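Peer 1: Given next are the chains, with one letter for each unit.
Number of protein chains: 2
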Amino acid sequence: MLRHVALFCWKLDASESDVRAFSDGLAEMPVQIPEIRSYRFGPDASLGGSNDDFALVADFDDAAGYQRYAEHPAHRHLIATLLMPIVAGRHAVQYEV
Amino acid sequence: MLRHVALFCWKLDASESDVRAFSDGLAEMPVQIPEIRSYRFGPDASLGGSNDDFALVADFDDAAGYQRYAEHPAHRHLIATLLMPIVAGRHAVQYEV
Numbered sequence: 001m002l003r004h005v006a007l008f009c010w011k012l013d014a015s016e017s018d019v020r021a022f023s024d025g026l027a028e029m030p031v032q033i034p035e036i037r038s039y040r041f042g043p044d045a046s047l048g049g050s051n052d053d054f055a056l057v058a059d060f061d062d063a064a065g066y067q068r069y070a071e072h073p074a075h076r077h078l079i080a081t082l083l084m085p086i087v088a089g090r091h092a093v094q095y096e097v
Numbered sequence: 001m002l003r004h005v006a007l008f009c010w011k012l013d014a015s016e017s018d019v020r021a022f023s024d025g026l027a028e029m030p031v032q033i034p035e036i037r038s039y040r041f042g043p044d045a046s047l048g049g050s051n052d053d054f055a056l057v058a059d060f061d062d063a064a065g066y067q068r069y070a071e072h073p074a075h076r077h078l079i080a081t082l083l084m085p086i087v088a089g090r091h092a093v094q095y096e097v
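From first to last, the protein sequence lines stand for chains A and B. The first sequence begins at 1 in our numbering and counts up by one. The second sequence begins at 1 in our numbering and counts up by one.
Hints listed in this document are in silico derivations from the structure and should not be mistaken for laboratory results. There may be inaccurate statements among the hints.
As the list makes no split between identical chains, a pair holds if one copy fits it or if it spans any two.
[What the hints assert, rightly or not] Computed cross-link-like contacts, SDA-like style, restricted to lysine to any residue with a CA-CA straight-line distance of at most 25 Å: (1) 11 with 50; (2) 11 with 97; (3) 11 with 96; (4) 11 with 92.
If you're wondering where the values come from, they're calculated on a predicted model, not measured in any experiment.
Starting from the given sequences, assemble the full structure and let the hints guide the process.
Peer 2: This is the structure in structure tokens:
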């Protein structure tokens, strides 16, 4: 299985409703992109062990499934319209599990 | 469930054997720390969608379980002896799944 992990930090002027709109958009991805096997995301819980604002963990059968997700029009649209306006930083890794 | 995600990038002089020793140390954590429910880690697969070197995703029943892991002597020892010598950057988020 190929796992994609992404951590985001938000711009100072990103609002709660902006983040909620992005979360709502993420929730649509498994509906739109059949290669997604698992898709769990959410805001940081503020436990004192973090330095980013939001996490996404997505599982795929293989690297090809991840690539189809990465390039899918619904995913590209989400990034362009709901992520880019609010994101200040992104860290990501894909790894075999 | 409380999920902890950490992404690491390595110092330029971190060797493959250094990273393997850290991985071997991580593999011991679920043996030593009973609060861990799931623990999956590994090096970046170099698919072109990443900007860090290594990922860890760990699940716990709740925030208290994560905190016991974070403060566990075996975990602190791993960080001090096998992570700190090689890590150049760390990003982390804990979130409810």
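Peer 1: Does the structure break any of the earlier hints, and which numbers would those be?
Peer 2: none
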